[in-house]
Amino acid sequence: DVKVTQSSRYLVKRTGEKVFLECVQDMDHENMFWYRQDPGLGLRLIYFSYDVKMKEKGDIPEGYSVSREKKERFSLILESASTNQTSMYLCAIQREGRETQYFGPGTRLLVL
Amino acid sequence: GENVEQHPSTLSVQEGDSAVIKCTYSDSASNYFPWYKQELGKRPQLIIDIRSNVGEKKDQRIAVTLNKTAKHFSLHITETQPEDSAVYFCAARARGSNYKLTFGKGTLLTVNP
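Protein sequences, first through last, are from chains A and B. Reminder that position 75 of the first sequence reads as 75 in the numbering used here, one-by-one numbering, no gaps. Just remember that the numbering used here sits 1000 ahead of the position in the second sequence, which is counted from 1.
Bound conformation, chain A alone (with noise of 0.2 Å):
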């Protein structure tokens, strides 16, 4: 059974704070991936990481950055979170080579 966990289900932060999300999986995948869950606009990639250190930016990168320094986690970071970064964060993992991705439980996270 595939496990992918997020460090939150909830989290509430200010206008401002600096906010880490946090992936871990164990299922020695290679490649992970960050999205983003609006209402009526879907899933939007932000970054996605094929390797320890490497990553490329999405869709919609602008306002966050990431960090894979092990093969298992993978974080996305809000350097200065605003309003408009209130939404439903999922990560998802992926082997090489295969195409099925699968998504951890998502943070919910609201930035007031």
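Some clues are possibly wrong.
[Claimed, not checked] In the EDC-like style, the derived pairs of lysine to aspartate or glutamate whose C-alpha atoms are separated by at most 16 Å in a straight line are: (1) B:1100 x A:99; (2) B:1100 x A:79; (3) B:1100 x A:59; (4) B:1105 x A:38.
[Stated by the list, open to error] Derived list of chain A stretches under chain B, where covered just means 3 residues or more per stretch with a C-beta under 8 Å from a C-beta of chain B: (5) 42-48; (6) 91-100; (7) 103-112.
Hints are computed from structural coordinates only; laboratory data are not their basis. Since the structure is predicted, the reported quantities are computational estimates derived from the model, not experimental observations. Positions of the beta carbon are idealized from the N, C-alpha and C atoms, including for glycine.
Got chain A sorted already, so can you dock chain B onto it with the hints?
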């Protein structure tokens, strides 16, 4: 880049009826098309996928069809049940990218008992 349009945004059917959700994509080089189901409060889960060298794929009550010429693909659910109620997302992956999926905006399917 790839653009995926999904219709309808909401769909309400009676239990036992069929439901069809359609997606169109813009990049003719896209070669992989998954469908994800997201129940309320849960994570998206893959329910079926199709590759560009196949026209149709079935798995029990669900099927996906692909028309490469028209650049559209559809999810078909037959004999719908209340537990089919969820948000469904289509996605497309461009050839040459092993990673990047572009998702549609989702369809909220409600199956009324």
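How the hints compare with the structure:
In summary, the hint linking residue 1100 of chain B to residue 99 of chain A is supported, as the alpha carbons are separated by about 10 Å, within the 16 Å threshold. Straight-line distance between C-alpha atoms of residue 1100 of chain B and residue 79 of chain A comes to about 24 Å, which puts the hinted pair past the 16 Å bound. With a C-alpha separation of about 10 Å, the suggested pair residue 1100 of chain B and residue 59 of chain A falls inside the 16 Å cut-off, and the hint holds. The straight-line distance between the Cα atoms of residue 1105 of chain B and residue 38 of chain A is roughly 9 Å, inside the 16 Å bound, and the hint therefore holds.
Three residues within the 8 Å Cβ limit are the bar, and the stretch 42-48 of chain A against chain B gives 5, so the coverage statement holds. For the stretch 91-100 of chain A, the stated coverage by chain B holds: 5 residues have a C-beta nearer than 8 Å to a C-beta of that chain, and at least 3 were required. Coverage of the stretch 103-112 of chain A by chain B holds [criterion: at least 3 residues with CB-CB distance below 8 Å; count 4].
Hint compliance for this structure: hint 2 alone is broken.
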